[in-house]
Amino acid sequence: MIRYVVSRLVTAAVMVLLATLVIFLIANTVPGDPALAAMGDMQASDPVQVREFRARWGLDLPLWEQYWLFLQRIAQGDLGISISSRRPVVDDIIDYAPATIELATIAFVLSLLVGLPLGIIAAVRRDSWVDHAARFVALVGVSAPTFWLAFIMLAIFYGQLAWAPGPGRLDPIAFPPERITGLLLIDTAWVGDWETFRDAAAHLVLPSIVLAASTLGLITRTTRAAMLEALSQDYVRVARAKGLLARVVVTGHALPNAMLPVVTLGGLAYANLLTGAVMTETVFGWPGLGRYTFRSAVAVDFPAIMAITAIVAAVFVLVNLLVDLSYALLDPRVVKA
Amino acid sequence: MADQDKPGFGRRPLIAGTAGLLGSILTGARPADAQSAARRGALVIGLDISDALSLDPVRVYQYSNPLPTRAAYDGLVTFDAGDNINVKPALATEWAYQPDGKTIRFKLRPGVKFASGNPVTAEDVRFSFARHLNIKDQPFQYISHVESVAVVDENTVDIVLKDPTLPVISIIATPAFGIQEKALVVANGGTDAADAKEKDKATEWLNNNSAGAGPYRLTGWQRNQQIQMVRNPHYWRGTPGYERVLIRHMSESAAQLLAIQRGDLDVAFNLIPEQIATLRNDPNIQVMGTPSLDFIYMAVTEAPTNPALQNKLARQAIGYAIDFDGIIKNLAGGAAVRPVSFLPVGTNGSTSALTKEIGFNEDLPRARKLLADAGLPNGFKFQLAYGNAAIAGVTYQNLAQKIQADLARVGIIAELAPMDQVNLRTIFMGGKSEAVLTFWNPPAPENWLWSSATVNRVSKRVQWNVPPEMHKLVADAGAERDLVKAAALYRKYQEAMVDFAHHIVLIQPVYQVAVRKSVVGLNLTAAGWMADLSGAKPA
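Top to bottom, those sequences are chains S and L.
FYI, in the numbering used here the residues of the first sequence are 1 to 337.
FYI, in the numbering used here the residues of the second sequence are 338 to 876.
Possibly wrong hints are sitting among the right ones.
[What the hints assert, rightly or not] Listed below are several chain S residues computed to face chain L (Cβ distance under 10 Å; list not exhaustive): (1) Asp33; (2) Ala97; (3) Ala99; (4) Ile101; (5) Val191; (6) Asp193.
Because the hints were derived from the structure by calculation, they are not lab data.
From the three backbone atoms N, C-alpha and C, an ideal C-beta is built for every residue, glycine too.
One chain only, chain L, in its complex shape (with noise of 0.2 Å):
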């Protein structure tokens, strides 16, 4: 076009307004110095806290919210960082089951004051527990075998179980039993009378504030934001390290990556592999790794619509037909380990050197065998379903593709079914379909609850009629109090679970979570909470 049309405003000045602006709104972001003490007074964590339904003990159950509720509640009692298998003392000094059999009798720990400084009492923690037995949500469900918690003196309370045989010192470690001061939470709408259910409204103050003796005070929570925490000045381990705990949700793990290279965030629970590997050279920052109970398996169903499925020879070929090292090795870089079956390696009785001793390992001659004993020299084929989902980098794509590999090698033919999660979960349970890909992850490190979990739930959704011996076995392994004899009773119940081949464990994550040097004392735990964080403080 001619040069007349050439516009009379120029464009330069508003490029270059534009460029200012955009550049004095930048540099006033970052006064730096000026907030480095506030900063360092900061422990910030970079978590996905999507799933967070409620920050009410009472009603804890999803995946992140576990870390802020132990770190705004002690419990009676605790595990330390990685030991799942010993039950520590944290608000209760001793324990005791009384001759009567069904009673445990807690001392609580003298001196120890919430974080309102009021002192700690048995009422305190009767009222906690009969909120749960009240208001019946899931945490309810793990301790639905206690008939009551009675106090017996200011510093003496008993739980009463209506089955003794069941377990529940290990399972009231989980941070959804923490104890909360009756008095602020009836101030703030709070029952633990038998209509609690109804009647109970201090879910919506607690969502925002916390009632607890822990490390740190909770005191707000904005949903898909943060969650933002105080120091409890009044903590009975000793004054946390941190004025502030805050953690930021960032659901994406290559933002999670940036914001701990640059510093904003000083813990990031939520790197994958491929980045993990480019943080290892980072002098700032150190990997640490931390061996998960949760687990991938694929359930193999005796389903209706598959004969071959229902047949046990042909489920124990499909378990020594897959290459377990490979999945570890390559889909999981290694980090990852496998134990023999429903209970994960680091539990009482359950290591990866008995993996290699009695659970499925790849041998192929043996997966051909058992298919020839089973009739089916030529193999089978059957469906595999999988979400649209990845854990710790791993995705079940990728998974279940490795398998169908694997498998192809015996002439098993593994027919794939991606699908989104809540579609899986409602076929799954629904009890529809031939074989899954899923997940298991523990409310707290007691065997009882992944074994029960076998025999009763998990079991209907495989189809699996559970012989009357198995269930024995897994109340006679629940009951027995002596670790020892329990790591016994617990070997049979893999030996079992390995020939019913019903459950096939692939990985077990060793999550690895990166965290800047200038934290110290951070102790991550595989126990459900993540992070005990009473102890980190600036290095």
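Next up, chain S with everything else stripped away, as it sits in the complex (with noise of 0.2 Å):
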């Protein structure tokens, strides 16, 4: 098993590597110019500043080379310094990340929470109306654009019937907790602030049901059909003439067998939610990765791309990491096998 989880992780050190190399070559095709694009008008119009500028980023350099600085940087742990914030990559990751992990992680459990009760129920009580009723909230969930649902739901509960707070992670007026975690959440309940944990909390609804909507629909579906799947199993109709409790059967003999489906799936789907949540995170003035992830994009921010790639590479990785050592847990022959 040890040997097993280590070679996994060598391979995934190397997987992450390719990722940032593949990036790297794309980033570098675009036409735009990471100098003039950073450059204020007045400097980038002077050619030895512009000349100074890039020699300071490296950017003279040829490809290899650039390419050769990264590893090495990275080996040390230095992600480099942002071209678009003049900052350390690390700190801007520091300062954005949580914000991100916090609302993520709240929407991964939300969806968790309402999607498998609602797929095991459907698929239990198949063409009832909660059956239609997961099937509709599903499709919404998966199809609606997530820019659209997140002004909608703003627009309403927000806007109209003042039920939630606005954009933002916390009330303009609040004085946000000293840092600790970064996490509101943590951060709060840390030091027994529990104004502000509400207030938090309370920032957390909207765009977390936002984010989770999509997960939400594909965690019920296939929880769905994995469930009938199990329930159709010989085994299932053997524990049901033993007489056993119909929760019994359901929880006890179709439910774990189902499981590795969805397992797979949630496990990507977190990792999804934490590195593609632009749209929420624009809509709702959440001062996260996804924003960063853009926006260093958009301004060809070398350094800043190459770190989150890396981060984005290396969290999918270990997510399927964790997912395939879980099958280990819910199913025993993976063991022996």
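Given two chains presented individually in distinct reference frames, assemble the corresponding complex, making use of the accompanying hints.
See the structure below:
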């Protein structure tokens, strides 16, 4: 088992490096010039200053040398300095990542809390009104454009009904808590500042629902399909014939067997939530990684793009690893094989 | 499926439980009464601040960061809202050119204190400028003709110019040249020494704190989230009206609209014309218009790839074939004006009336005649590049399509080339474009900054070989210290710019800012820092 994990981790590192190489080559074929994008109008018009700028950021080096320098830096844990924010990329990521992690985690938990039971009930009571409702929720969740859904939710629950607070992580006049982890729920709970905790929690409600919508749809549908498949198996019929309670048959016999595809999907969905919240973050004024990634790409900010790529690739590879390992827990046959 | 499969666990408690939890979280979020006093004491501004790179004055040159910089730092001089021609006193009460012609002597206002409570001295002024001159970030470029700044006595400072024909007083009104408290900046790693470019380490601190004498003091900046400021109790114009100022980052205009309607924002800067229209009947909100000094223009280059564009008459034909009034009325919702050329309306010597008189105005017969005179009676083709962006709600896309349709009337074919902004900038600055729709916003309301840009930097981009008499005209106008005489020279400059037809200015937006009526005394300005917060107070 340990050998397996180690070999997977080594493969993972190679995968991450390959991903950064691909992105590096793609980013370098973009015609936009990062120096001109980052410099002010007067500076950018002065060839001497443009040359200095290129030299300072290593943009004047041959491509292979730029990539080699990136590898050297990353080996030392240094992600470089962002051209567009002029700060170490690590600082930027430390600033923006907690907002995204908090939102994505809440959204993921939400989609599991709602999606799993909904999928199970929809399968168990196939073609009942619950099933139809679940299908509708899944359809809307998966197909509604995030941008649109975010505005509609904001307009109704914030603008019209005033049930939910507006964009941002906290009320405008709230004092942000002392930063410990950057996760507001944890930082406020840590010091016992329950008023700010509730403020932060309330600000999470709408964006996490919006972000959860598509994941929720996928999880509901996958759970339903897997459960239907499991419920039609012989061992379920045997269990019923034994006179077991319906609930024991569903949760004890069918559900564990239906979990494999759901876990796979869930893992990837969480990785997606962590890395792809640009729209939700934009509408809800959420200072997260999604916006940062988008801006870095638009500004052809090589160090930031490379760092984000490395991180995103690492997140996906690690999540996949965790998913594979969890198979062993769910299905003992995987370990034996 | 059959009935016996009915699951044994109830879903209703689960749903009810979730709803109940959500309900209690949401109601907990708004203890409205408890917060209302705190809310009234805070001015909350909605603004897209994602472009801001720094709040250290020596590095402030983006679009949004001059607003907090001006709130935290007062400069020697300023411009009053609505007047972008006459420089007004601020930390300096008077100034005069000395007999040597290259030294300007400033007398400091007595008794002014920084937010720290320490007095503003001539040494602080010298330090602030010396830090610029040695750090050499973008704002330095605007005062690179300053030779030195010297302390005369405790309350007197000299700015000595290398080239006394170049203007400087209006330029230092810009927030980047706000006066910093030397002791505080030095204590946090700052230096004004010759090696400040490498040795100065104060920027990190100045991004989260300020060392100025402005009405508010910076206390924090969470990037892409908010900028927090508190009142400066020592402010020389009197105690500022709010305990706190919060600049909230909201990049989506629709979110800003909702937030100002709900009262979570007091000021919304980034609304588009349709959203402004929905606020006209809101009893709690007033829409304030402020003519900007920004404009969208079409740069027409003498591209080697296009012989037609190398012909001045053909370029002029473009200018006379555009329906400018239609652009202002239909694309900008009427909220725009149009200058003659590269000097926005509201600066010395530029008015809308002058545009009617000597600018490009729609005149199709004249456009056709110009084409015939150019030897191109059937028109010509050129490529028009633009970015995927919008200014004051006007997208470059719509603008390009309108121009394409207008020019087609006289046989000029504009081939549209949309691209992202960085690519656009790269081809434009690299001199690889035929025509480009782009934007100009000023660092300071000083005519010379616009005019010198056109004959120096921008001329290279449009591949214009500027004749010596044009350079002389720009230099003479910049050196003229009498505003009336300068205005006459700038009229000549604008006439010449129309004749060369390299820059066709399309619209100069009137920015529409929504302000809740609970705020009074907020003065919007076009001078580059959006608003003067010193007089703002709760109604």
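Against the structure, the hints come out as follows:
Nearest Cβ of chain L to the Cβ of Asp33 (chain S): about 4 Å, under the 10 Å cut. The hint holds. Because the closest C-beta pair between Ala97 (chain S) and chain L is about 12 Å apart, greater than 10 Å, the hint is violated. The beta carbon of Ala99 (chain S) comes within 8 Å of a beta carbon in chain L, closer than 10 Å, and the hint placing it at the interface holds. Restraint check, Ile101 (chain S) versus chain L: the minimum CB separation of about 15 Å is more than 10 Å; hint violated.
Hint status for Val191 (chain S): violated, given a least beta-carbon distance of 17 Å to chain L, over 10 Å. Because the smallest distance between the Cβ of Asp193 (chain S) and any Cβ of chain L comes to about 13 Å, over 10 Å, the interface hint for this residue is violated.
This entry does not satisfy hints 2, 4, 5 and 6, going by the numbered hints stated previously.
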